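Following the hints, position chains V and B against chain S.
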Amino acid sequence: MSAAPSATLAAAPASARPTRSRSPVLPITIGAVLVIAAGFAVPAWLLTILLFALFRAMVVLGLIVLLRAGLVSFGQALYFAVGAYAVGFLSRAGVNDALVRVLAGALAAGALGLVLGFLLRRYRGIFFAMLSLAFSMILYGLLVKSESLGSTDGFAIHATTYAGYAPDRSSERFALLVLSSVVAWAGAIAVALYLRGTLGRLAEAVRDNEIRVEYLGASVAMAVHVKYVIAATLAGVGGALAAMVIGHVDPAMAYWTNSGEFVFVMILSGSGSVFAPFLGALVFELIHAVATHYSPGAWRIILGSALLAAIMFVPGGLWSLMPKARRS
Amino acid sequence: MNALVPILIDGLNYSAWLFIVAVGMTLIFGVMRVLNIAHGSLYAVGAYVAATLIGRWFDADLPAFGSFGLIFASAIGVGLVLGLVLEQGLLRFLHGRDEIAIVLATFAVFLILEDVVLLIWGTDAYPAYQPYGLLGTSSIGGIAFTNYDFSLVVLALVVGGAAWWALNRTRMGKLLLIVIHDREMAQALGINVRLVYPATFAIGAMLAALGGAYSAPMISVSPGIGVDVIILSFAVVVIGGLGSIEGAMIGAVMVGLTRAASVHLAPQFELFVIYAIMTLVLIVRPQGLFMRAQARKI
Amino acid sequence: MTTAPILEVKRLEKRFGAVVAATGIDVEVRPRDRIGIIGTNGAGKTTFVNMVTGYLEPSGGDIRFEGRSVLGRPPREVTRLGICRSFQVPQVFGSRTVLENLVMALALAEATGLALLADPWTSDRAERARRTLAEYGIGDQADREAGLVSQGVRKLLDIAMAMAHRPKILLLDEPTSGVSQEEKLAIMATVMEALDREGVTVLFVEHDMDIVARYAGRVLAFMEGRIIADGPPQDALNHPKVLEVIVGEGSFSGARATQREPADA
Chain S
11 MSAAPSATLA AAPASARPTR SRSPVLPITI GAVLVIAAGF AVPAWLLTIL LFALFRAMVV
71 LGLIVLLRAG LVSFGQALYF AVGAYAVGFL SRAGVNDALV RVLAGALAAG ALGLVLGFLL
131 RRYRGIFFAM LSLAFSMILY GLLVKSESLG STDGFAIHAT TYAGYAPDRS SERFALLVLS
191 SVVAWAGAIA VALYLRGTLG RLAEAVRDNE IRVEYLGASV AMAVHVKYVI AATLAGVGGA
251 LAAMVIGHVD PAMAYWTNSG EFVFVMILSG SGSVFAPFLG ALVFELIHAV ATHYSPGAWR
311 IILGSALLAA IMFVPGGLWS LMPKARRS
Chain V
1096 MNALVPILID GLNYSAWLFI VAVGMTLIFG VMRVLNIAHG SLYAVGAYVA ATLIGRWFDA
1156 DLPAFGSFGL IFASAIGVGL VLGLVLEQGL LRFLHGRDEI AIVLATFAVF LILEDVVLLI
1216 WGTDAYPAYQ PYGLLGTSSI GGIAFTNYDF SLVVLALVVG GAAWWALNRT RMGKLLLIVI
1276 HDREMAQALG INVRLVYPAT FAIGAMLAAL GGAYSAPMIS VSPGIGVDVI ILSFAVVVIG
1336 GLGSIEGAMI GAVMVGLTRA ASVHLAPQFE LFVIYAIMTL VLIVRPQGLF MRAQARKI
Chain B
126 MTTAPILEVK RLEKRFGAVV AATGIDVEVR PRDRIGIIGT NGAGKTTFVN MVTGYLEPSG
186 GDIRFEGRSV LGRPPREVTR LGICRSFQVP QVFGSRTVLE NLVMALALAE ATGLALLADP
246 WTSDRAERAR RTLAEYGIGD QADREAGLVS QGVRKLLDIA MAMAHRPKIL LLDEPTSGVS
306 QEEKLAIMAT VMEALDREGV TVLFVEHDMD IVARYAGRVL AFMEGRIIAD GPPQDALNHP
366 KVLEVIVGEG SFSGARATQR EPADA
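Protein chains in written order, with the working numbering: chain S, 11 to 338; chain V, 1096 to 1393; chain B, 126 to 390.
So here's chain S without its partners, still in its complex pose (with noise of 0.2 Å):
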């Protein structure tokens, strides 16, 4: 339990500070509807960018949650990947209907961190990361030897349909697009009130000083708990979302190097606001489209000294950077 607090990681800029914020309710919106607005004035290529920014944002909002009490994840693909395997299996038993699919995506993740929580809530540091790590292994095993799923191919899932209606080929993409901005939103809505209370600025007092926080009469394993939950459930969320827009799922979801580029996405945002995952994770699918195109080759070299650069020069993450979060 004697964790190294990552304090350097987790450090929140001065805009966390606790003088009674406005409602996040408007900003949030507003976002949402640009992202949807955006969709119809940008080309098929950057709506996939969008697409995929917004699915991995919803890990990384989870992840942030943790961070800011300290704690780094190095198996979120494992909650990714039973969200998008949950879609999966309801695809296969004809349940096409978006809703659905997303609870089902949150549930099954959810309830898979509520149990695990259990044992996590008691590591901190490399342990809870390493631990976080072994369980997305342990999945990615299992399912790289299902046969059934279809081994390492995985298996398609059927495109997805909202409350009976199912759009055209040319207007699936767009509707993605108008889903993965709403549950974004609820998602963003939903974090952002959790961490103006309580229980979410706990966060930064279990990262600070534990032993404090068990004298005030509050328990730190609850309040890990609470936020792995969260955490796990909106990866499950985004492994939704991505089932969808992939309109596939595989292993390779598992797989501890995706944890992996989850973590990067939230070195490269901070934890200073709630917005900051959507604009991290819009900077590395950019990031990614540019250097896949123009040199393949090299694409890990680019997101490997992005990421360098980012624990080295700016530890607060790319939201650090706005001039609004500078105020002090």
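Reference excerpt, derived from the structure (chain V facing chain S, CB under 7 Å, subset only):
#1 Ile1195
#2 Phe1367
#3 Met1373
These are calculated hints, taken from the structure and not from any lab test.
All figures in this text were calculated on a predicted structure; none of them were measured in a lab.
Positions of the beta carbon are idealized from the N, C-alpha and C atoms, including for glycine.
Leaving out everything else, chains V and B in the frame of chain S:
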């Protein structure tokens, strides 16, 4: 019963391989508190360099047994060069940052090296099978085994023995043990971090590269061989206790034998069992099998 | 003195392997007692505080609060029952401001269950927190990061946070260690005045015999895990063993008081 001999032989062989890679990782963590994800890349580079050199060696028709010298030369060269470059060029600047930030930095190095390896060696496999047959075969219980596999076990024992000797019988090693077990004491004694860290990291890197170089003749050296090494070593190191040499040995044997048993008896659970063991160990002993729990003071 | 004891400690014992950190500890604390706990480093003072507040599980004996045993309860439950403590090394949230520290403490004391999801920053709570900080004489430090303020301010904040639960018993572990000689008296004066207002029962671990003589109505002297004297200050401080081992040791120097107690942990 007839599966027992192959399970034991394969398991021992696999354990030896795991130990060689994991011992470097645990040493680096114990001394420097760096959980090095790039360890797998060092393994891969070691394998590629050895495979390339072995290929050239046999193309030039040089004496066959000299290829063993190449294996060790590759390991030492790769470990020394990459180890020192990484330590001096990167990790030195992250000294004092929290463990997670450092893990992520090594993850970044891993990503970079993965592509660097691809850019240098391409996507083709590099065969280096020649040394594999040099040591002949033997037969146990009517089943034939290649002696090269056994030599890996000998190598692991030599590495383990050398590590034990160096840590317990040399001045430098004793200092390292102090660093591993008692950070504050180490600082009080004024241990020269600027010397100890690069040396430790280079040795750890050499062990990773040795694992790769010695495996090169046994496998097909191709892209992606480093990725699995990382998570398998993690499992071994976490089971034994981060920073514990004897723990790495026990962890390697546990994982090695279990995996071999699974491959022979229930192949669908091969990866599953390794992490299940790791999880079970962590549930029972959160610090791993061989590390003392740290007392918290208020 | 006919009131029932608020805290009864009976035959309390703690062993760490072969080391006996506490043995045969019997104490009865009555409401509104002001008890000074003295003893050399390693005498078992902090171990005693740690056991009473649930941080350490005793190897034997019993701890009863208002007639009920609190054995086996973790610190958060003991805290909620009304036994709170401060720390030798102040335990504050270093990355938050002094005000945020106290608001969090108040919010955790006042909210349970789903109410924990609500924003802790109600105007009422912020107001009360500012007032409390002013009472503790650190109102001007409210908006500074707790990790950056002086040790004396942190000590007072630590105690103010412990008081958030409106405890019935407060245990102060060396409230004046690690601060300058001048600050010591000021801290004790401020704290004791605040505690008097609340009518809290206080046990405080202290190395400075002047402070003990001034603020304690009763003194417990610890040596080698036992209580060797228990009584009014003039008696306890003049107990021959206490004079020889504790008072005579020159515990008055500031340098001494800043040392931690390795053997206690």
